[in-house]
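Each chain, letter by letter, is given below.
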Amino acid sequence: MRIFEAFLVEEGDEKIYILLSSNSRIAMSEEEVKDYYGDFANVRVPLHERRTMVNQLIVFLGVLAVWAAVFGGAALATWFGAIDIIIVSVLGCIVLGLLAFLTATIGGRTYASTYVILRHSMGRAGAIIAGIVISGISATLWFAFETWLFGVIMAGTFPGVPGMDVGTAAIWGGILMMITAAIGYRGLSVLSYFIVPAWFVIVTLALTAAIDVSGGWAALLAARPPAPADIATGITFVVGLYIVGATIAPDVTRFSRKPYDGAIAWFIHVVFFMPLILAAGGFLQLLAPGQNLVGFMVSMGMVWAVLLTGVLGQWTTNDNNLYSASLAWCNAVPKVKRVIWVIVMGVGGTAVAALIGYGYGVSLDALLAFGTFLGTFIPPFTGVMIADYFIVRPYILGARDPRTRYPFGPGTEYAVINWPAAVAVVVASFLAWYVPQLDSRIPAFLVGLLTSSLLHIVLMAVSKGAKIRWGVGRWVETPTGW
Amino acid sequence: MSEPLVTTLKYVRTVMVVSIGLAVVAAVASVSSQRALFAFGITTVIVVLFALLTVARVSGRKELKALGEASIQGLWVTTSLGLVYLTLATAPYYGLPIANAAVIALAGAITTIFSGLTLYRVSKLTGVMLSI
Numbered sequence: 001m002r003i004f005e006a007f008l009v010e011e012g013d014e015k016i017y018i019l020l021s022s023n024s025r026i027a028m029s030e031e032e033v034k035d036y037y038g039d040f041a042n043v044r045v046p047l048h049e050r051r052t053m054v055n056q057l058i059v060f061l062g063v064l065a066v067w068a069a070v071f072g073g074a075a076l077a078t079w080f081g082a083i084d085i086i087i088v089s090v091l092g093c094i095v096l097g098l099l100a101f102l103t104a105t106i107g108g109r110t111y112a113s114t115y116v117i118l119r120h121s122m123g124r125a126g127a128i129i130a131g132i133v134i135s136g137i138s139a140t141l142w143f144a145f146e147t148w149l150f151g152v153i154m155a156g157t158f159p160g161v162p163g164m165d166v167g168t169a170a171i172w173g174g175i176l177m178m179i180t181a182a183i184g185y186r187g188l189s190v191l192s193y194f195i196v197p198a199w200f201v202i203v204t205l206a207l208t209a210a211i212d213v214s215g216g217w218a219a220l221l222a223a224r225p226p227a228p229a230d231i232a233t234g235i236t237f238v239v240g241l242y243i244v245g246a247t248i249a250p251d252v253t254r255f256s257r258k259p260y261d262g263a264i265a266w267f268i269h270v271v272f273f274m275p276l277i278l279a280a281g282g283f284l285q286l287l288a289p290g291q292n293l294v295g296f297m298v299s300m301g302m303v304w305a306v307l308l309t310g311v312l313g314q315w316t317t318n319d320n321n322l323y324s325a326s327l328a329w330c331n332a333v334p335k336v337k338r339v340i341w342v343i344v345m346g347v348g349g350t351a352v353a354a355l356i357g358y359g360y361g362v363s364l365d366a367l368l369a370f371g372t373f374l375g376t377f378i379p380p381f382t383g384v385m386i387a388d389y390f391i392v393r394p395y396i397l398g399a400r401d402p403r404t405r406y407p408f409g410p411g412t413e414y415a416v417i418n419w420p421a422a423v424a425v426v427v428a429s430f431l432a433w434y435v436p437q438l439d440s441r442i443p444a445f446l447v448g449l450l451t452s453s454l455l456h457i458v459l460m461a462v463s464k465g466a467k468i469r470w471g472v473g474r475w476v477e478t479p480t481g482w
Numbered sequence: 001m002s003e004p005l006v007t008t009l010k011y012v013r014t015v016m017v018v019s020i021g022l023a024v025v026a027a028v029a030s031v032s033s034q035r036a037l038f039a040f041g042i043t044t045v046i047v048v049l050f051a052l053l054t055v056a057r058v059s060g061r062k063e064l065k066a067l068g069e070a071s072i073q074g075l076w077v078t079t080s081l082g083l084v085y086l087t088l089a090t091a092p093y094y095g096l097p098i099a100n101a102a103v104i105a106l107a108g109a110i111t112t113i114f115s116g117l118t119l120y121r122v123s124k125l126t127g128v129m130l131s132i
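These protein sequence lines map, in sequence, to chains V and U.
According to the working numbering, the first sequence holds residues 1 to 482 in order.
According to the working numbering, the second sequence holds residues 1 to 132 in order.
The following block holds chain U by itself, in its conformation from the complex (with noise of 0.2 Å):
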């Protein structure tokens, strides 16, 4: 395998591994409100899916441009998500003490920064333009 190839898939697999952490610590940081266990943990499965999902199209992949679209993509989806923690987890209406809802405000935060700057380095690495 060449070192783009190997360093691509260590990037993206490094990322899913972050943000299945990161959501599980927000699920985690749920559970003294019913609504927010509901909210965030609806919202740490669909990472945990989209994240395994996007590590088995990366997995076994030898070209580099089907790599780095596959990465791209499944990076833009944690990208994203990060950003439902980042915005939900402070409102009123789930009522989490100011601690809880820092810790998952923070993994939303991370996950979206981390991902958002992997984004940028696969394709440069890849050759893979970001809107693919």
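Chain V extracted, bound-state conformation (with noise of 0.2 Å):
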């Protein structure tokens, strides 16, 4: 949908900005254009903020390009050859890039974050928990994570060179990644746009370089991996991998000019990049076990390189963190600004993180095991959200209008809990939790999603068979989106 015209009327006491489309008019009140808790953490993106295919592409690629992607690839070297590495990617990326492509639509049709567009679904009590698992807390555990790898590869990349030690490290990056994430969309945009096309170059040839010193194209086609494995276990691992990225990817495309933009640029983003830095990460370790890419680039003298891919590409993922974990805390607490938010996580995650690097701390392990153990209950609630918003709204209560399917503004009722999808959550959570421990080839990502996608439509169905109230209580939208 282009959006050609828009313009303020007064009706009554109210004023409303009505947008003209080619094919439709919407009415959007003034209220709701206006912003308390700062980059439209609680309301819609207006017109004049949203942005193009290509900057939300490059968003994307930003939070793709980390060094810790490419070490994530080198786990599928233990059980695949090089070939079988570039198809499981590429299989699993497609089943990522199809996943998100539904979960980016409803961010691009109604041009709210994840958190808000589960206010439908889920709830308005509902959303905030879904909002606190999914990002409140992940994404912050995750930012900490990332601060420290970052001293960590500063540390070995610059052995003795003073602040580069990894708490003092992981402090100047942790503030580093709290300024664009401060700044907001505006922020995280123009770092992207700043160091994705020279990060995929840069590793591109980083990783041939690495190919050409161990031994070369013949030796790569060549290795063997220690523990074959089948080729569904390597997909459910990749789409593993970046499942919760797929659920938040609303937080970017809700910016979307046109409705399927953000899904566009994410599937781009997925299936034709991806697949590389799962390469780049499998192939070395099929070449030098033991080894990574950032050792090689060092050993190679591309030092400088090591440290603009290093300083700027952890920083274009991990500000995206702490960015989505400022939006999900705006949902969940009243009148604190997501700047706020992004300081108070930023600096919480900062000082773990530095804290971790000074010996204070064994290890992130503990925390990482937590937020690993949360991570299996994101895919229910990504579950619910496609379902509600493609199946039950349209099909079971009768809201076929996807321009209208998600009311939001103030005045905008919502249940307080909707229980079928609580319900749903909790038996998909649950099951994704014990399922796997019976056999662990079924992924508790594939039981979560599938579980609560199937169970809310079902629950929402025979509700609505049987004329029983779904949703508990009764929750009115206030003036700034809360």
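Treat the hints as calculated values from the structure; they're not laboratory data.
All C-beta atoms, glycine included, are put in the ideal place defined by N, C-alpha and C.
Please note that the accuracy of each hint is not assured.
Claimed, not checked - BS3-like mimics (lysine-lysine), calculated; alpha carbons at most 30 Å apart, straight line:
#1 U:Lys-124 <-> V:Lys-258
#2 U:Lys-124 <-> U:Lys-62
#3 U:Lys-10 <-> V:Lys-34
#4 U:Lys-10 <-> V:Lys-335
#5 V:Lys-258 <-> U:Lys-62
#6 V:Lys-34 <-> V:Lys-335
#7 V:Lys-337 <-> V:Lys-258
#8 U:Lys-124 <-> U:Lys-65
#9 U:Lys-124 <-> U:Lys-10
#10 U:Lys-124 <-> V:Lys-34
Claimed, not checked - Calculated from the model, a selection of chain V residues having no Cβ within reach of chain U, i.e. all distances over 12 Å:
#11 Tyr-36
#12 Gly-38
#13 Ala-69
#14 Ile-137
#15 Leu-191
#16 Ala-305
#17 Lys-464
From these two lone chains plus the hints, build me the complex, please.
Shown next, in the form of structure tokens:
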């Protein structure tokens, strides 16, 4: 939908923005356009702030452009040879691309963040809890981890250089990441535009150089993994790597001009670029087990490139973690502005990373284990979000028009909790935690995603048919969008 | 055509021509090493393709905002790709003589700085934000 005109009219005491598109007319209240929390955390992104598809592609690529993702790809080399790494990476990324095409489309249609979108499917209190689980805590933990990892990379690349020990590098790195997250989407975009094209070219060139010095392509193709596994295991591993990113895609795609801009950007970045990163990690692990691309680059004298890709790459990813966390907390706690949450969560995460870096803690393993544990509960929310928007609302509740399917703005009424969604998430989360313990080949995210979506659809259909009220309580959105 | 439109077009075309020229200089400076020629040759091809794409996107634009968007996106790419030359040229792996490495790094630095400054100018001229 291309909006070609917007104007303000007064209807009684209300001021309404009328947006005209080629095929529709949408009314948006003036209050809805007000942005108390900052960066449109709890309100729709207004027309003049919406960005191009290229912009969203670059921001998504900025999330992907991080050494941790390359290290993640190295795990594939345990199970697969070079050709199979490419096959499972591409297939897994296609699954991710299709899955997040749906969540990203919801963002592009509603112009709202993930946590605000969840108000309709989960209920207002449900969306608060969902937001805290999905990003409020998880993303902050990942922020702490990646800030610490930033310190480790800096210390490894520049040993003995003042300010480059793990703890100190974590502090200045954490502060840098907080700056762009505090600025908001503009900050994320500008930094991503600056580094993303260079990052991908440098990593590709470094990969070919590392293969060259490690025996070449012939050696790579001849290398065999230590513990071969089936393709399905690899695909589920790849999907699991980025399932949280797929869930929170609306945090970026809400800035779309056209409904599918963000979804297309997501698809392109994950299908055409993520396999490259996974292959970069996997190939080197096959050729030189135990070594990583950063080590190769340093040994080949590409120190400035490591500094650039390490500092700015980690920065473009980790500021997104903090950004999403701040959006989730704005949805959960009233009256505290987004920038305050960035500072609070950023200082907390940086302090943890620095303390570990200075040796005041053994490691981040306990925090990461907690983050991974929480990660088990995220796909069930994804399942409910997708099922609610694409099936429950149009086909069970009759809200066929995608533009009006999820109304937002002052005065909008939500249930406090939607019990079918809550039951679906609780049951699916339990199964996602329990079933893989019975058979480790069954991926937790798949159990969580499928169970919650199916259960939500069935329970909503039964409630509608039996005339059982599915929304418990009543919550009216305030003028600030809370 | 309005003056900002003409000025923006002129700025962007100039930067793209300069970027292509510097990229070719970098590629030529890397011929003494096969590894360097491979790396910087590929980078040059990418710079040339994106510069030509940008020129094609901005040519014929009649609306200032649309011109600004296409220009800023193209300028970001050249700004960023200049960093590839700048950071990799001196790597011992490529085995370049110091003078050649300096030429490549300088080409990258000029590309990044010139594109970056033009970004700022185009944003001011067209009113299009840098984060478009």
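Each hint tested on the structure:
1. U:Lys-124 <-> V:Lys-258: Holds, because 26 Å separates the two Cα atoms, which is no more than 30 Å.
2. U:Lys-124 <-> U:Lys-62: Roughly 18 Å separates the two Cα atoms, so the pair holds.
3. U:Lys-10 <-> V:Lys-34: Given pair Lys-10 (chain U), Lys-34 (chain V) is violated - Cα atoms ~38 Å apart, limit 30 Å.
4. U:Lys-10 <-> V:Lys-335: 48 Å, violated
5. V:Lys-258 <-> U:Lys-62: 22 Å, holds
6. V:Lys-34 <-> V:Lys-335: Status holds; Cα separation ~14 Å.
7. V:Lys-337 <-> V:Lys-258: 28 Å, holds
8. U:Lys-124 <-> U:Lys-65: 11 Å, holds
9. U:Lys-124 <-> U:Lys-10: Given that 30 Å is the threshold and the Cα spacing comes to 15 Å, the pair holds.
10. U:Lys-124 <-> V:Lys-34: Measuring from Cα to Cα gives roughly 26 Å; hence the hint holds.
11. Tyr-36: 22 Å, holds
12. Gly-38: The claim holds: Gly-38 (chain V) sits with its nearest Cβ about 15 Å from chain U, beyond 12 Å.
13. Ala-69: 19 Å, holds
14. Ile-137: 28 Å, holds
15. Leu-191: 9 Å, violated
16. Ala-305: Label violated. Min Cβ-Cβ 4 Å, cutoff 12 Å.
17. Lys-464: Since the minimum Cβ distance to chain U is about 43 Å, Lys-464 (chain V) lies beyond 12 Å and the statement holds.
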